[in-house]
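Student: Sequence:
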Amino acid sequence: MTSVILFLSFFSIIVSSCSLDSKKPVDYSNRGIWFWAEPKSALGSSQILANQLEQQRAIDFLSENEFSRLYGEYQDTANYLIADWNESLNKAGIESQLLLAENVWIFPRQRHLLFERIQKELVDFNNSVDNNEQKFKALHLNIEPHALDLWKQASPTKRRDMLEQLLDTIKKSRAYLDKNSKDEIKIYFDLVVWYDEINGTIAWQNKSDRDDWYTRFTAYLDGLSLMAYARGYEAIIVNTAWEIENLDIDINIAIDADIGEGRFWPTRAKFVQVLKQLEAQFTDKQNIDIHSFLSYYDDSNQ
Numbered sequence: 001m002t003s004v005i006l007f008l009s010f011f012s013i014i015v016s017s018c019s020l021d022s023k024k025p026v027d028y029s030n031r032g033i034w035f036w037a038e039p040k041s042a043l044g045s046s047q048i049l050a051n052q053l054e055q056q057r058a059i060d061f062l063s064e065n066e067f068s069r070l071y072g073e074y075q076d077t078a079n080y081l082i083a084d085w086n087e088s089l090n091k092a093g094i095e096s097q098l099l100l101a102e103n104v105w106i107f108p109r110q111r112h113l114l115f116e117r118i119q120k121e122l123v124d125f126n127n128s129v130d131n132n133e134q135k136f137k138a139l140h141l142n143i144e145p146h147a148l149d150l151w152k153q154a155s156p157t158k159r160r161d162m163l164e165q166l167l168d169t170i171k172k173s174r175a176y177l178d179k180n181s182k183d184e185i186k187i188y189f190d191l192v193v194w195y196d197e198i199n200g201t202i203a204w205q206n207k208s209d210r211d212d213w214y215t216r217f218t219a220y221l222d223g224l225s226l227m228a229y230a231r232g233y234e235a236i237i238v239n240t241a242w243e244i245e246n247l248d249i250d251i252n253i254a255i256d257a258d259i260g261e262g263r264f265w266p267t268r269a270k271f272v273q274v275l276k277q278l279e280a281q282f283t284d285k286q287n288i289d290i291h292s293f294l295s296y297y298d299d300s301n302q
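As numbered in my numbering, residues 1 to 302 make up the sequence shown, in order.
If you're looking for bench data, these hints aren't it; they were derived computationally from the structure.
Do not rely on the hints blindly, as some may be mistaken.
Said to hold, decoys possible - Pairwise CB distance ranges (calculated):
| # | residue 1 | residue 2 | range |
| --- | --- | --- | --- |
| 1 | Gly260 | Trp194 | 24 to 32 Å |
| 2 | Glu245 | Asp178 | 26 to 34 Å |
| 3 | Lys40 | Ala92 | 25 to 33 Å |
| 4 | Lys270 | Lys40 | 27 to 35 Å |
| 5 | Asp161 | Asn51 | 43 to 51 Å |
| 6 | Ser300 | Ala280 | 19 to 27 Å |
| 7 | Gly260 | Glu102 | 27 to 35 Å |
| 8 | Lys158 | Asp298 | 33 to 41 Å |
| 9 | Glu133 | Asn206 | 45 to 53 Å |
Beta carbons are placed, not taken as given, at the ideal position from N, Cα and C, and that holds for glycine.
All chains should be modelled from the sequences, with the hints used to inform the complete structure.
Tutor: Here you go:
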């Protein structure tokens, strides 16, 4: 997020460009979605991949809703099931990215756990399958230091240090893949939209310090999913303005499909309205991600 003054200038440019090209058709076919293991849920990957009929229903849902990327967490699912699933996704025109998530991986003593999972679930898996359609094409990381108890108790200066640890984790993950994977693997990352705030909860020395961190951080990545979990189109635009204007990297705008009375979006119609507003707003370099399969599929089948 950035100041309202800066945003108004940026937003006016966006609106003007959209007005000039208002007749351009909107492409809704470049959406991404998180697909968590959720072992206890019938809509988690653990149960869906174990049932061929449910797999096909999930593929049909993804295709009908024009998803082109799926970020999947599979944990203890058998490799042959994942391979068949990846092949089905590929045939449906959906890229399969391996989703790994654990916040303590920012700490040097915990990183070996991340590398062990990268080796087992991505490198070894890709080496074991029969054809390219069964392989993962990318690694998708969800590491959120701000969710740690240590962050909540930490000073702004300590939080700045923790972001440096996060950057080092990403740097070493890139190096690990480059060294150990025979395939060219891209890395994508889920990032909150408020780290950029000057005089906020992180002790950036100044704007240059902040900008330098983002430049170094994104140098090891192929794209970001900005977790813009706000209640409304305008708020999402404000919250993502600084990153879109300043970061030289592919950016997806992530919105939460938590739909229902007393939840994030009161109705599915309101969620879809904002979703289409965002897709009409952004260019091919800023696509939309939806969190998550469980929420979005569950609501669509009420």
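Student: All the hints need checking, so say for each whether the structure fits it.
Tutor: Results for each hint:
At roughly 26 Å, the beta-carbon separation of Gly260 and Trp194 lies within the given 24 to 32 Å, and the hint holds. As the Cβ distance of Glu245 to Asp178 is approximately 30 Å, the hint placing it in 26 to 34 Å holds. Checked against the given bound of 25 to 33 Å, the beta carbons of Lys40 and Ala92, roughly 27 Å apart, stay inside it. Separation of Lys270 from Lys40 is about 29 Å and conforms to the stated range, judged on CB atoms against 27 to 35 Å.
Between Asp161 and Asn51, the C-beta spacing of about 46 Å keeps the proposed range 43 to 51 Å intact. Separation of Ser300 from Ala280 is about 21 Å and conforms to the stated range, judged on CB atoms against 19 to 27 Å. For Gly260 and Glu102, the hinted distance range of 27 to 35 Å is satisfied, since their beta carbons lie about 29 Å from each other. Lys158 and Asp298 have their C-beta atoms about 39 Å apart, which keeps the hinted 33 to 41 Å range intact.
Restraint check, Glu133 to Asn206: a C-beta distance of roughly 48 Å satisfies the suggested window 45 to 53 Å.
Of the hints listed earlier, there is not a single one the structure fails to meet.
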